[in-house]
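S.K.: Could you slot chain B onto chain E? The hints should help.
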Amino acid sequence: MARKLNLRIWRGDAIDGGLKDVQVDVNEGEVVLDVIHRVQATQMGDLAVRWNCKAGKCGSCSMEINGKPRLACMTQVASFGEDETITVTPLRAFPVIKDLVTDVSFNYKKAMEIPAYEPPKELQPGEARMQQVDVERSQEFRKCIECFLCQNTCHVIRDHEENKKSFAGPRFFIRIAELDMHPLDMLKNRKRTAQEEHGLGMCNITKCCTEVCPEHIKITDNAIIPMKERVVDIKYDPARMFAGLLKREKRN
Amino acid sequence: MSGVFSPTRAKIKERTLRTDKWWLEPAITFAVLFSFIIYATFRAFEGANYFTEPLISPFYSPCLSQACVAGSTIFDWTPVSAEIFNFALSPALIILIFPLGFRMTCYYYRKAYYRAFWLSPPACAVAEPHTKYTGETRAPLILQNAHRWFFYAGLVFNVFLTYDAVISFKNPEGQWGHASVGSLVLLVSSTLLWFYSLSCHTCRHTVGGRLKHFSAHPIRYKLWTLVSVLNHKHQQFAWYSLAGVAFADIYVRQVATGAWTNFYFF
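Those protein sequences? They're chains E and B, same order as listed. Counting in the working numbering, the first sequence runs from 1 upward without gaps. Counting in the working numbering, the second sequence runs from 1001 upward without gaps.
Here are a few chain B residues that face chain E, going by a calculated C-beta distance under 8 Å:
| # | residue |
| --- | --- |
| 1 | GLY1135 |
| 2 | ASN1145 |
| 3 | ASN1231 |
Simulated from the structure, these hints should not be mistaken for lab results. Glycine included, C-beta positions come from ideal geometry on N, C-alpha and C.
Chain E on its own, in the form it takes in the complex:
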């Protein structure tokens, strides 16, 4: 049974733009991306929206729905009141390209700054073996679909453009944590570079990244805080220094 939905869509580009009101049919069971597509098909043929899988697995349709960073394909229209106007805007932490599409290349630049996994030299390809308990720990981080909702909601860069050059963001802290917790990763100094080059110390644990993650990755509890504790091990723990364990930490 179709009903009318009041939708406000941000339209514009990097120069100017604003919220436009439209009324659109919505059917039972539809998600916000469905109605955006209907608007695109019937009223705004040039509306720009990025999407792909419609299954919450590609991370393309990230946008802000009633001010909350969400995936449009995973947000049920029925989760809002029938009389409620749904406001849809592009991600507000990144430069807008057109309408609901933003330039997320910041994230790809940051991805390139994270040193890759470094296997033990003595192992040939195919020889590496890991126990299940060690695999499981980083498996959670591999669920990331790179929707960048965590990056978008993180106030360190959302509210402070100038921090982008020195802050990798939660998505890449889980990458660093995954590698630092990897039993076979041989790269030294991941902890130190996390703090000194990727801006781990900028994070103040307000957990917004965890709140918006569509994959329910415990970004703060399982990646950022453990990394902060590992940094304390090597930088801010005098007892460990006095005990001479610092050297061992560096080797790790």
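M.R.: Same frame as chain E, but now just chain B:
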């Protein structure tokens, strides 16, 4: 113009377009924590009504000052002078830095007060009012890295407070085998403090989180999984234990002033 109003971003004049009651959680957090701070400050400076045989307020335990009232010390051990620079020091002021430091540097409370007090940010996707942000990279916030030291101190305090709970199963004449409402209050308070400490992120890191090879350390891995279960509830334990400590202090104060009678079950 910075942040969400930066020139390249979508031109939206509102600081947030959230339509839910995003302000409610930080407002409640602010109200509760602020009330606790006011009450705790009053009690820390009061220097009285913290002991009535066999109950001692958690704000004053361990009582280490020569100003401590008779019976409130542990084995009459009072290493700290009653006055410092001619200033009469409440026994609570000597020790409160440790539990206070533990909570101030706690990863959960950091989230709570950064949001509620410093509005950094007030809620997710709500623009913060500050024009500059350096996080925990500089003084004084770099001191948050001292959390593990307060955690260790907190464990010592938990031992003292558990001891207080145990000796509260005496009657006012010092005979064992009695239980009062006060005994239960101190027991619940100290138990909640143990849960709060053992669910701490630093505890989780210390017991096993810092390892790279779980498989090579099966006992520590098991401990880590147990602490991880508690860690999921760290926020709840933080609030419950705060309420438990506050109520224990209120209860002891009321009994000490004679406003309430400490009812004995047996």
